[in-house]
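Participant: Sequence:
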Amino acid sequence: AEYMGYMKREIGIALMLLCCLCSCILIEDEEDTDWKCVSQNVINEKINERMDKLEAKLKAKQPKIFFGEASNWEKYGGNILVIHVDFSKYGFKKTPEILTRLHGWSGTWQTTGVTSIYADTPKGFDVYINLLFTQGPAVEFAMQHGWVLKYVLISRDNQQPYHYLSLIHI
Numbered sequence: 017a018e019y020m021g022y023m024k025r026e027i028g029i030a031l032m033l034l035c036c037l038c039s040c041i042l043i044e045d046e047e048d049t050d051w052k053c054v055s056q057n058v059i060n061e062k063i064n065e066r067m068d069k070l071e072a073k074l075k076a077k078q079p080k081i082f083f084g085e086a087s088n089w090e091k092y093g094g095n096i097l098v099i100h101v102d103f104s105k106y107g108f109k110k111t112p113e114i115l116t117r118l119h120g121w122s123g124t125w126q127t128t129g130v131t132s133i134y135a136d137t138p139k140g141f142d143v144y145i146n147l148l149f150t151q152g153p154a155v156e157f158a159m160q161h162g163w164v165l166k167y168v169l170i171s172r173d174n175q176q177p178y179h180y181l182s183l184i185h186i
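Here the sequence shown is numbered in my numbering, starting from 17 and rising by one per residue.
Hints are computed from structural coordinates only; laboratory data are not their basis. Take these hints with a grain of salt, some might be off.
[What the hints assert, rightly or not] Below, simulated SDA-like cross-link-like pairs (lysine to any residue); rule was C-alpha separation at most 25 Å, straight line:
| # | residue 1 | residue 2 |
| --- | --- | --- |
| 1 | K80 | L148 |
| 2 | K109 | I133 |
| 3 | K91 | I81 |
| 4 | K166 | R117 |
| 5 | K110 | G140 |
| 6 | K105 | Y134 |
| 7 | K109 | V168 |
| 8 | K105 | I81 |
| 9 | K105 | S132 |
| 10 | K91 | V168 |
| 11 | K139 | G129 |
| 12 | K80 | G123 |
| 13 | K91 | G123 |
| 14 | K91 | R66 |
| 15 | K139 | P79 |
| 16 | K109 | Y134 |
| 17 | K91 | S132 |
| 18 | K73 | E90 |
| 19 | K105 | E85 |
| 20 | K80 | P138 |
| 21 | K105 | G123 |
| 22 | K109 | K91 |
| 23 | K109 | S132 |
[To be verified] Label pairs and their calculated CB-CB ranges:
| # | residue 1 | residue 2 | range |
| --- | --- | --- | --- |
| 24 | F149 | K105 | 31 to 41 Å |
| 25 | I59 | K109 | 37 to 47 Å |
| 26 | S132 | V58 | 17 to 27 Å |
| 27 | N64 | I96 | 54 to 64 Å |
| 28 | E156 | K105 | 25 to 35 Å |
| 29 | H161 | E71 | 39 to 49 Å |
| 30 | N88 | T111 | 13 to 23 Å |
| 31 | V155 | N64 | 49 to 59 Å |
Built from N, CA and C at the ideal position, the CB exists for glycine as well.
Let the sequences and hints guide you as you build the complete structure.
Facilitator: So, in structure tokens, the structure goes:
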């Protein structure tokens, strides 16, 4: 056993000398734990393979962000509108973080509930909007003033919840 250790050291020294002479690099092989003399090109390929794997892992952990808008207003009752947003096409596994905002030519200041999300799932959500000072049919008012519910979806697949996420203006 002692003789084998001695021989392995001697072979390692001989390989190092050989590597110095032929401009290659000595590495430990992952499969059989022996030392091998390889060219710089082989080393670069191995480094690139490992970097690609690492990049893929990091990319998989980054949140995916989607933007959308909806204007399929429905009357819920009185001066209350409801809008159902379907984003099943994105294929979320978990319910994403949802940020909403009401956009339009005028009258958006007369509402409450725009940022209150209901029935949120990995496939969609609902928003109920109360028109405070509006007379007449709510759906027509929303359509006449060009109201659009804009939203941002931030995936939580493979992530921790975004308790620190705070967006002031979308």
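Participant: Could you tell me which of the numbered hints above are not met by this structure, giving the numbers in increasing order?
Facilitator: Going through the list in order, the structure violates hints 1, 3, 12, 14, 18, 21, 22, 26 and respects the others.
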